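Visitor: What follows is the residue order along each chain.
Protein chains: 2
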Amino acid sequence: MNTTATLSRLFAGIQADLDTVDKTFQERATSGLTILNSASMHALGAPGKRLRTALTLLAGKLNTYRFEKLLLLSVAFEMTHLATLIHDDIVDESSTRRGNPTVNALFGDKIAILLGDYYFAKTAGLIADIEDPRIDHLFSDTVATVCEGTILEMMTAGNIDLSKETYYEKTRSKTACLMAACSKGGAIISGATPEEIELLYAYGMHLGTAFQIIDDILDYTQDQSTIGKPAGNDLRQGMVTLPLIYALQDAPQNGHYQQVKTLLGEKTHKDEEISEIVEWVTQGNGVKLSLLDAHAQANKAREALYHFPASPDRDVLDELIDFVLMRKK
Amino acid sequence: MNTTATLSRLFAGIQADLDTVDKTFQERATSGLTILNSASMHALGAPGKRLRTALTLLAGKLNTYRFEKLLLLSVAFEMTHLATLIHDDIVDESSTRRGNPTVNALFGDKIAILLGDYYFAKTAGLIADIEDPRIDHLFSDTVATVCEGTILEMMTAGNIDLSKETYYEKTRSKTACLMAACSKGGAIISGATPEEIELLYAYGMHLGTAFQIIDDILDYTQDQSTIGKPAGNDLRQGMVTLPLIYALQDAPQNGHYQQVKTLLGEKTHKDEEISEIVEWVTQGNGVKLSLLDAHAQANKAREALYHFPASPDRDVLDELIDFVLMRKK
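The listed protein sequences derive, respectively, from chains A and B. Numbering-wise, the UniProt record's numbering puts 105 at position 105 of the first sequence, and it's gapless, one number per residue. Numbering-wise, the UniProt record's numbering puts 213 at position 213 of the second sequence, and it's gapless, one number per residue.
These are computed hints drawn from the structure, not numbers from a lab. Keep in mind the model is a prediction, meaning the values are calculated, not measured. Don't take every hint at face value.
[Stated by the list, open to error] No farther apart than 27 Å at their CA atoms in a straight line, the calculated lysine-lysine pairs in the BS3-like style are these:
1) A:K261 <-> A:K300
2) A:K110 <-> B:K261
3) A:K110 <-> B:K300
4) A:K261 <-> A:K288
5) B:K23 <-> B:K69
6) B:K267 <-> A:K110
7) A:K23 <-> A:K329
8) A:K164 <-> B:K300
9) B:K270 <-> B:K329
10) B:K300 <-> B:K329
11) A:K110 <-> B:K23
12) A:K300 <-> A:K288
13) A:K288 <-> A:K329
14) A:K261 <-> B:K110
15) A:K288 <-> A:K328
16) A:K328 <-> A:K164
17) A:K267 <-> B:K329
18) A:K164 <-> A:K300
19) A:K261 <-> A:K164
[What the hints assert, rightly or not] Partial selection, computed: residues in chain A whose CB lies under 7 Å from chain B:
20) F120
21) D132
22) H137
No residue lacks a Cβ here, since even glycine has one placed at the ideal position from N, Cα and C.
Chain A extracted, bound-state conformation (with noise of 0.2 Å):
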């Protein structure tokens, strides 16, 4: 499956407005200082799937789609989402995203740091000018909570006895939260019932969660070349995700286990090391579970979504949990 040409044929029907959203995004984030337009230009021009405005646009349009309040809703989660990536970077130490430099790795760690603040105020001006006090809160509570699932990845890391729950939550606070934030304020903007509003929330929810099941599934799976990194790069970091705790599940206290135990403890690592516990997580439990529960996820946000009734933009948003599961990128 070609990635952009799905989304593209996916996202057909609000093309003009995903446009007039990144056009926006770019007249947000100007800046009277060279410095900062430089590292704002650079950390939008890396690509990125627009997954969260085509959520929160697709949600609007279950109901009354207010297409002008719902653009600055959509730029702000943008810009909060690229503030976390960027601040996320420096965290992680990571220089390269996607294939392209970082903005810590181009412009040094101090002008990463106040961009990804310069991009919160930004965004809390976006916010302030929807004037909804639901949305003031909702985007404040999405932040703190991504701020908190950041810090769990944090703490969590390098530690082999991590529980399922634990990786949920964290999944849940530092990825689909956000996603769910973006459905949630698209049924508040277009005027959706209370419980319409839970719905999608819950449809964002299994969706962001299911897609970084995915992203963790092909953090194993595949290659530098199709993904921008190399395969096995979360045990590289240390980051303990759900592929490796269910090939864990099965391992004896001797053998992978005490392998597995050896490489998150170390700071530099044998490509050869890695690449036989990322072919053992890839061809045994560890892929094959996590893909059943990415599918589990992926039924939920459908059950959430067929509550509405049957309409084009609905199928937009069933498809596109398709989309994440078959994605290979």
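Once you have looked at the hints, place chain B on chain A.
Guide: Leaving out everything else, chain B in the frame of chain A:
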């Protein structure tokens, strides 16, 4: 002058409300994550002057005092201030602030980045609770300006030819702008007229500028035991501030000018070299002319304030100007 005793006397009328602000800050900064709470409690434990809260409350007293909303605004701006300090300490690679270890020194840069972000998120929630679009925008604009000011400071570090104008621009955006936002926000919430709001904004801006100039003077004139850092610390860090700018005005292109130029280009410094420049700035025109500038800013703050009818609360704001000028740490 004993700084703490003076402030206690000045703030006697709002002491109970200041305490409530402290308490509410702690409540609102709480997270479910232990590490975040520990870092937060450490950051909160550092002694501060609570100047920003006092400004907010006292400005609010000049019209209808609405403590419930002023409380939210005070906590929000103290939290914003703390978030910027925490991120600043990473940017400046500082290990102590007022004699205490910084969050980055104790918990590492990563936790410090995320604690700052978490505070921004929480602040957005507090601002939302005030339910006044003018405050929403004041908050967003202020944080964006503070970020720009911090970047401007960073970009101009080590530049011996820094102009007075750029120094003032940096000082207004990095420091004074938040103090101006406090007094302006207090005015907005208390139902001040647009003209009064602008006057209190000007008051805060000039007070904040004087405050920073005095800070920069104290960096040359005070020793470690009084302000918790060695004299000439700014110089060591390559920061060109007003006293140095004035001192350099009269310096020929040899002698001290060359000495400073060499110092600014070096990473490590000999104590004697720093001491020599510190003494030259302190004894010569550097400190003298800066002090005149601080007084000029103070006069402008007073001019704005005197548009309000005399009252005990105006008197406190008036005495606050003297406090800022006379403080020794």
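Visitor: Take the hints in turn and mark each one as holding or not.
Guide: The hints, checked one at a time:
With a CA separation close to 34 Å, the supplied pair K261 of chain A and K300 of chain A exceeds the 27 Å bound. Proximity of K110 of chain A to K261 of chain B is assessed by CA-CA distance (about 24 Å); at most 27 Å being required, the pair is judged to hold. About 34 Å separates the Cα atoms of K110 of chain A and K300 of chain B, which puts this hinted pair outside 27 Å; it is violated. Taking the CA atoms of K261 of chain A and K288 of chain A, the gap is near 22 Å; set against the 27 Å cutoff, the hint holds.
Between K23 of chain B and K69 of chain B the alpha-carbon distance is near 15 Å, which keeps this suggested pair within the 27 Å criterion. Distance check on the hinted pair: K267 of chain B and K110 of chain A sit about 17 Å apart at the alpha-carbon level, within 27 Å; holds. For the hint pairing K23 of chain A with K329 of chain A, the CA-to-CA distance comes to about 25 Å; that is within 27 Å, so the pair holds. Between K164 of chain A and K300 of chain B the CA atoms are separated by roughly 62 Å; this puts the pair beyond 27 Å, and the hint is violated.
The straight-line distance between the Cα atoms of K270 of chain B and K329 of chain B is roughly 25 Å, inside the 27 Å bound, and the hint therefore holds. Using a Cα cut-off of 27 Å, the hinted pair K300 of chain B and K329 of chain B holds, with the two alpha carbons roughly 23 Å apart. For the hint linking K110 of chain A to K23 of chain B, the alpha-carbon distance of about 32 Å lies beyond 27 Å, and the restraint is violated. Taking the CA atoms of K300 of chain A and K288 of chain A, the gap is near 19 Å; set against the 27 Å cutoff, the hint holds.
For a cut-off of 27 Å, the pair hint linking K288 of chain A to K329 of chain A stands: about 18 Å separates their Cα positions. Our distance criterion of 27 Å between C-alpha atoms is met by K261 of chain A and K110 of chain B, whose separation comes to about 24 Å. Among the hinted pairs, K288 of chain A with K328 of chain A is consistent with the structure: their alpha-carbon atoms are about 16 Å apart, no more than 27 Å. A distance of roughly 24 Å separates the Cα atoms of K328 of chain A and K164 of chain A; the hinted pair therefore holds under the 27 Å criterion.
Proximity of K267 of chain A to K329 of chain B is assessed by CA-CA distance (about 44 Å); at most 27 Å being required, the pair is judged violated. Between K164 of chain A and K300 of chain A the CA atoms are separated by roughly 18 Å; this keeps the pair inside 27 Å, and the hint holds. For a cut-off of 27 Å, the pair hint linking K261 of chain A to K164 of chain A stands: about 17 Å separates their Cα positions. The beta carbon of F120 of chain A is positioned within 7 Å of a beta carbon in chain B (closest approach about 5 Å), and the interface hint is therefore held.
For D132 of chain A, the interface hint is violated, the least distance from its beta-carbon to any beta-carbon of chain B being 10 Å, above 7 Å. For the restraint placing H137 of chain A at the interface with chain B, the shortest Cβ-Cβ distance is roughly 5 Å, inside the 7 Å limit, so the hint holds.
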